[in-house]
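Keeping their order, the protein sequence lines are chains P and U. The first sequence runs 13 to 262 under this note's numbering. The second sequence runs 13 to 262 under this note's numbering.
Hints in this document: simulated from the structure, not taken from any laboratory. Note that the structure is predicted; figures quoted are calculated from it, not measured.
The list treats identical chains as one, so a pair stands whether inside a single copy or across any two.
DSS-like cross-link-like pairs, simulated, lysine-lysine; straight-line CA separation at most 27 angstroms: (1) K225 / K256; (2) K256 / K224; (3) K182 / K160; (4) K232 / K186; (5) K67 / K97; (6) K256 / K182; (7) K236 / K225.
One-letter residues, chain by chain:
2 protein chains.
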Amino acid sequence: MHILLTNDDGINSDGLYKLYEVLGKEFKITVCAPEAEQSAIGHAITLSRPLHIKKIFKSNDFLGYAVSGTPADCVKIAVRSILKKRPDMVISGINHGPNLGSDVMYSGTVSAATEGAILGIPSIAVSLTTYKNHDFRFAAKYIAGLAKKVYKFGLADGILLNVNIPGLPKNKIKGVMITRQARSMYKEKFVIRKDPRGRAYYWLTGRARWFKKPEDSDIKAIEKGYVSITPLQFDLTAYGYIDKLKEMVI
Amino acid sequence: MHILLTNDDGINSDGLYKLYEVLGKEFKITVCAPEAEQSAIGHAITLSRPLHIKKIFKSNDFLGYAVSGTPADCVKIAVRSILKKRPDMVISGINHGPNLGSDVMYSGTVSAATEGAILGIPSIAVSLTTYKNHDFRFAAKYIAGLAKKVYKFGLADGILLNVNIPGLPKNKIKGVMITRQARSMYKEKFVIRKDPRGRAYYWLTGRARWFKKPEDSDIKAIEKGYVSITPLQFDLTAYGYIDKLKEMVI
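Just chain P, with the same shape it has in the complex:
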């Protein structure tokens, strides 16, 4: 199996490197990741300017390709330009922090896997749900196993997996739950300060608030110590609302 590995924290991040090490023992890996951090970039692609690609080495060994763009750019440029043959799978991560609930909309990690799915390649996004003291060992091993299952069974067209792994030691993890996306909204505000030239600047700050957190949701799984796997799609149509809308506007 040939895996295209990317992320949104940038090619020098520890989460990506740990996954590279562990997956590299069993599979052929191509790394193509943003040269700089791209968190909260959503599904942006770069159209109005060109991209550069740089080869990155780690301890004199070739690590992969750094792209001056977004996670979705990295997947496109790897598949369309760098690789001669399509990869068998796209894996994005391991993200340093969770991608749960409505935050999935903002996630660069998830967007790379979405781009893989748009291109028809089985794709997995993976995040470790702690912001510090990251220990990626369990997560990387778990993903190696999951990748084998996905390679064997395939994924339906238009489906990708969003995996969140609790920041717990292996013996504290209770199991795996297949989940749905919770509904979150930030309790957020803009901090307003003056810059050195006296101009006001606005900086977003906030904390996630969960106001729809069903038992089978991604955030509940994490809170209970389970690995959460949510199947996602990029068909955003609200099918259940079509008839209602016909009544309303036609």
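Could you slot chain U onto chain P? The hints should help.
Frame of chain P; chain U shown alone:
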């Protein structure tokens, strides 16, 4: 009704201004839009740097607020910082060009309306499906009427509308279809050239290819000369795939 008006083409775009003129005859409007074009930005938000806000005037009249960020940033900053009271509706557009099929994932226009919906505000994205010779008159009038209906009936929580309007004169438009998102994939490649310093650069180019284009899809409506309205959601869970995934990985 108080409408927050934004877009992804930037505050100086004609599509936004036409909508501002037409909606302004009947409703209170606040414009808060990116200072520069943000096409294909997806649902990016700006976390790693601060934002600036500039007041923009047109022919000495106050037009609105230009933000040094993305469409989703504009909605957040307007609702959280600029406005004292939440707007009754968010309208994003009129985009200069279509937002159809899988392209919706990349769309800054749609992302602003999605952000409105995440914040619990009824939201509409609107695009004119031609790339040149834009005549926004019919589109702006149609949206004024649609906004009234949405204000009267409301939208369900978590739903936004993605409206695409054919680039045709009013008498050529056949009606309105409530649609679903088609599946598109770009026939795309990266053009590779050398920059003045001799470094290779890569620039994405391509054309949409439609490989799932059902009769009730957004692109079919446009091809047949209808206004397309697709109800969208930001819960990306592929509910129909949950049981299958349980069999596969647990």
